[in-house]
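Visitor: Take a look at the letters that make up each chain.
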Amino acid sequence: MGDCAEPSPSAHVLRLFFKRPLVLLVMAGIIARAVLIPLATYNYDIGFWATTIQHAQSGYGLYDLSGYYYTPIWGYILGSIGLMANFLFGIGSYGTIADPLLPALGAEWEYYGKMVVSPEFSLLVKSFLTLVDVVCGYLIFTLVKKLGHSDGKAALAFGLWFVCPIVIYTSAVQATFDNVSIMFMLLTLILILDGKYMTAGAIFCLAAFTKFFPAYLVFIFVVCIVRRHEDKQMQIRSLAYAVIGFLVAAFLIFLPQFMHGTTAEAFGFVVSRVSKIADPTSSMWDSIASGGNLLVVALQPLIFVVELVIAFFAYRLSDRSFKDNLMILLLLSSAAVFLWTPTPTYLLLILPFLICVVAAAETSDEKRYILPLVSIAVTATLFAITMNSFALFFQDSIYHGLISPDTILNGIEWLDAEVMTGVTRQTVLNIVTGAAVTLSIYSVFITYIYNHLKGRPSEEGCA
Amino acid sequence: MKKNMGIMTIVVLAVVMVGIGEASIYFANPYSYGSDVGIGQYSAVYSLEAPGRTEYNVISFDNHGVSPVEELIICLDGTSFYVSIKNELELRGFTNVILAEPEELAAYMGGDASGRAILFPSGLFPEEVYDGSASDPLFADWLDEGGSVYWFGCSEIPDDAYLSAFGLTSDSFNVHSVPESVSRSGEICTQLCLRSSNVYHGLRSDIGTPLAYVSESGFSSITAMRASEGTMVIIGGDMGDDHASDCAQMIAAGITYATTVLDHAEGMADGSASGEMTYSASAAENVTVYVHMGGYYTVYGERFGYGT
Chain A
1 MGDCAEPSPS AHVLRLFFKR PLVLLVMAGI IARAVLIPLA TYNYDIGFWA TTIQHAQSGY
61 GLYDLSGYYY TPIWGYILGS IGLMANFLFG IGSYGTIADP LLPALGAEWE YYGKMVVSPE
121 FSLLVKSFLT LVDVVCGYLI FTLVKKLGHS DGKAALAFGL WFVCPIVIYT SAVQATFDNV
181 SIMFMLLTLI LILDGKYMTA GAIFCLAAFT KFFPAYLVFI FVVCIVRRHE DKQMQIRSLA
241 YAVIGFLVAA FLIFLPQFMH GTTAEAFGFV VSRVSKIADP TSSMWDSIAS GGNLLVVALQ
301 PLIFVVELVI AFFAYRLSDR SFKDNLMILL LLSSAAVFLW TPTPTYLLLI LPFLICVVAA
361 AETSDEKRYI LPLVSIAVTA TLFAITMNSF ALFFQDSIYH GLISPDTILN GIEWLDAEVM
421 TGVTRQTVLN IVTGAAVTLS IYSVFITYIY NHLKGRPSEE GCA
Chain B
1001 MKKNMGIMTI VVLAVVMVGI GEASIYFANP YSYGSDVGIG QYSAVYSLEA PGRTEYNVIS
1061 FDNHGVSPVE ELIICLDGTS FYVSIKNELE LRGFTNVILA EPEELAAYMG GDASGRAILF
1121 PSGLFPEEVY DGSASDPLFA DWLDEGGSVY WFGCSEIPDD AYLSAFGLTS DSFNVHSVPE
1181 SVSRSGEICT QLCLRSSNVY HGLRSDIGTP LAYVSESGFS SITAMRASEG TMVIIGGDMG
1241 DDHASDCAQM IAAGITYATT VLDHAEGMAD GSASGEMTYS ASAAENVTVY VHMGGYYTVY
1301 GERFGYGT
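For the protein sequence lines, the chains are A and B, in the order given. Number 24 in the numbering used here belongs to position 24 of the first sequence; there are no gaps in the numbering. Positions in the second sequence are counted from 1; adding 1000 to them yields the numbering used here.
The shape of chain B in the complex, shown without the other chains:
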């Protein structure tokens, strides 16, 4: 009996380690995160709750009257990529997501577009919503009404006629796959912990607001550009894990082509954290505050607007 003690102790410890891990992930998750933000015209007060030490970022934005996305329609493309995006959004507190087949999109695009966005995970836009010519009114109307489009780019850049509806040409995109040095485009990249750094098939950075990384030759991995009254966000590179988390981070944070950062706070929440941000916003109702925790390994997010 005694000689088996060592082996049985190892068996028990190993099984306990596996069992505790399984239980903590699926049955009794001990991680609980929360936040509360009060927004005023000149300041915002935040308080956070986290289990143990957790990296946090609190960012106040001025959207200058352009409505951030409140509802997202994901165009299904036959892949299961939407699952990751949907869950990445959900963990950041954004649950208003509609999954639509291409043939259903037209019906969704007919209504009010302000505060709504469509996400195209891959390839060209489906023929059901865009025939490839600037005279096709569906997209134009959507953008005129303030709707947004998130486009993960395509394996090949379409011709100028296809792109003219959005004020783009094929020269707007980077078609050189040769690797080059990239650097962060600015504070939003750092504060939102964006990861997408591949500028292949990304837009020229001067066309809109570069959000993540910009190459030496001037191309951006993620760009938010104004298209009529709406926002068009184009993400370069191959579709991968970073796309889902970055896309979710931008939508959950409420980034538009007009977004500017008012103030930012970061640190370690050791059980809890609180603080105040001061700013000078264009109007109190234009202020949104986005809280996220976990840094580059985001585990929580929540957006707050004036009066919410």
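Isolated chain A (complex conformation):
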């Protein structure tokens, strides 16, 4: 009887996992997003995206009204999303004010927005960002294949990206656009490896002016171009093509700002972060943030030196060694960007390379990078949840009535309570999770140094 019985569903799933791990990883990623997209929305950032679309629709560009503080690429993409919202999906209301939750604005932690976007608006923005997640996964898949690995390893890399908690959180919960910048960065690398330098330069421009962080990889990308050719003239010509592509794209991107005289405003994000260093601080967290911004600025020379050293090291490697270690070099370059404690979603910059190294790992040295991968994925997600906390449920409360405003306000009050003079629970949690994220980033270097000291540097790399 028992022998003839149908296998239990769990046994079926287990067998499926071992036969087709990618199918289950993709299913898990889709289910996680399907649950989180409607139920958890961080209202702060996405409220600004609605404002940006409002600017576009009112005919006042991105910077003539206040509310959009980034370089223009994401604004332009929001312009396209606005077209879809208005003309394709008929979304007439982008949001409202969260009246019962306004007392939250008095908390020391100031990132509780008063505006709550409508469910249909957040669904549209998050759906777009989820699509970008899929595209990034495809690009990671392509990259692993391009470096000579099997379909299985490439598929595993896709799956690891697609189920990575901080990747899911960034697009499905926080609705921020870090993955768009990653998409352009990965495209740049693939185009370089394909020898399409002018397009690579143009796409690199899009990456750097979506979020600045991919710009730090310019040195290693230059080495990637140079190393593809023996002939000096060919090297110079290839670099020139890339520079031309970059400049043409930059001109086209910033043309409206040149015409409107708002180029300075397009870099408002950087200026505002630097100016916060000198701001008089009113709370413990403000002091920490101000100190953190000072540290970011102070570390920039060191970061540039590290990037240059890695690039120089890459330039001096033998052809075989360069190909074998390309992903490790890119991983170190991207991790070096964050010698400080970044906002958790920024860490998407490191993940594609870390995932490539882990998915393609063949030696025990390479397999050790699983620890930084898991560590970054978990701590970054916890850091994000800590910082977003009860703001994740504003939409649930205002539009769906799933959580009472009192529950949210009580939670915020608990976080805002001081555990010692001037130090709130929110501050303590931020420090603990932020420190964990920083350790996770440094674990990339620790793993590399540990492997190096063991005297068994990666033989196989991603090859």
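Accuracy of the hints is not assured; some may be wrong.
Dumping the calculated SDA-like pairs for lysine to any residue here, alpha-carbon to alpha-carbon at most 20 Å [unchecked claim]:
#  : chain 1 : residue 1 : chain 2 : residue 2
1  : A       : LYS454    : A       : ILE370
2  : B       : LYS1086   : A       : THR262
3  : A       : LYS145    : B       : GLY1167
4  : A       : LYS145    : B       : ILE1007
5  : A       : LYS146    : B       : THR1009
6  : A       : LYS146    : B       : MET1005
7  : B       : LYS1086   : A       : HIS260
8  : A       : LYS196    : A       : ARG237
9  : B       : LYS1086   : A       : GLY59
10 : A       : LYS196    : B       : ASN1004
11 : A       : LYS145    : A       : ARG320
Which residues of chain B face chain A? A partial, calculated answer using Cβ under 8 Å [what the hints assert, rightly or not]:
#  : residue
12 : TYR1026
13 : ALA1028
14 : PRO1102
15 : TRP1151
16 : GLU1180
17 : SER1197
18 : ARG1204
19 : ASP1206
These stretches of chain A come out as covered by chain B in the derived footprint (C-beta under 8 Å, 3 or more residues) [to be verified]:
#  : segment
20 : 81–93
21 : 128–141
22 : 302–313
Calculated directly from the structure, the hints in this document are not laboratory data. The beta-carbon is built from N, C-alpha and C at its ideal position, and this holds for glycine as well.
Assemble chain B onto chain A, guided by the hints.
Guide: Same frame as chain A, but now just chain B:
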């Protein structure tokens, strides 16, 4: 060639998405809004045009003989805040804006004040127009003539002598920064989609007409008060994005200390919308109708008066 198709398709789609967005924002804006309102003594008929589905509000006001602002003078204070206010006003159809340095203000304040307002974006009034004593005639004359003042408050509340010219004392302001629950002051807050909810340095709500939010302790985030024959609007809280849009909304709508709502219509304009509002106004010439679209994310506004 075939193996690059996927990558090149992504490149093309991404560039197209960025390009279409850029073009739609700066070079070929496809959004076009319009409205028309016919005002009578007992009713107003409106028709609206919008691209796709757009949230709209149409509000008819009775200003009871107090002239709404027709010309705004913004006192420059060294910040670039005026740019946002000016553009926020312009998108609401209010284009009659003068930018003036403090030393130029006195000349502007010398003429007819009715239907004119001065906006002070931050801090105390400049010494060029107010020396801080009630005997200084410039402000008093301006308000006596029916001029209006929009004041975004200041980082510190001045003393009683400074404020007496406006019938205020330092006790009129909320100096407690402790957060407290706030609620909407009334229908104008909802109908104009006002956002400013910070009552720190806001006025006591019983001093004038609270327009946006009122706290449990009775302070108002935005107050329109009568000052002699003019209107003084005081906005509490730290200067931010909401100040510019709320201030523009109030000026464009023509709100004065005497303004009352006659009727209100709201809905979704799906390409177009029309309707009629009925009311009993003090006089037909006292009726103004303000149309705005986009709700809390306002993309269009226009004020109509009797006979315009």
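Visitor: None of the hints should be skipped; say for each whether it holds.
Guide: Consistency of the hints with the structure:
no.: 1; hint: A:LYS454 - A:ILE370; in the structure: holds (18 Å)
no.: 2; hint: B:LYS1086 - A:THR262; in the structure: holds (15 Å)
no.: 3; hint: A:LYS145 - B:GLY1167; in the structure: violated (77 Å)
no.: 4; hint: A:LYS145 - B:ILE1007; in the structure: holds (13 Å)
no.: 5; hint: A:LYS146 - B:THR1009; in the structure: holds (17 Å)
no.: 6; hint: A:LYS146 - B:MET1005; in the structure: holds (14 Å)
no.: 7; hint: B:LYS1086 - A:HIS260; in the structure: holds (15 Å)
no.: 8; hint: A:LYS196 - A:ARG237; in the structure: holds (12 Å)
no.: 9; hint: B:LYS1086 - A:GLY59; in the structure: holds (14 Å)
no.: 10; hint: A:LYS196 - B:ASN1004; in the structure: holds (11 Å)
no.: 11; hint: A:LYS145 - A:ARG320; in the structure: holds (17 Å)
no.: 12; hint: TYR1026; in the structure: holds (4 Å)
no.: 13; hint: ALA1028; in the structure: violated (11 Å)
no.: 14; hint: PRO1102; in the structure: violated (23 Å)
no.: 15; hint: TRP1151; in the structure: violated (20 Å)
no.: 16; hint: GLU1180; in the structure: holds (7 Å)
no.: 17; hint: SER1197; in the structure: holds (5 Å)
no.: 18; hint: ARG1204; in the structure: violated (19 Å)
no.: 19; hint: ASP1206; in the structure: violated (21 Å)
no.: 20; hint: 81–93; in the structure: holds (count 9)
no.: 21; hint: 128–141; in the structure: holds (count 3)
no.: 22; hint: 302–313; in the structure: violated (count 0)
Violated hints for the displayed structure, listed by number in ascending order: 3, 13, 14, 15, 18, 19 and 22.
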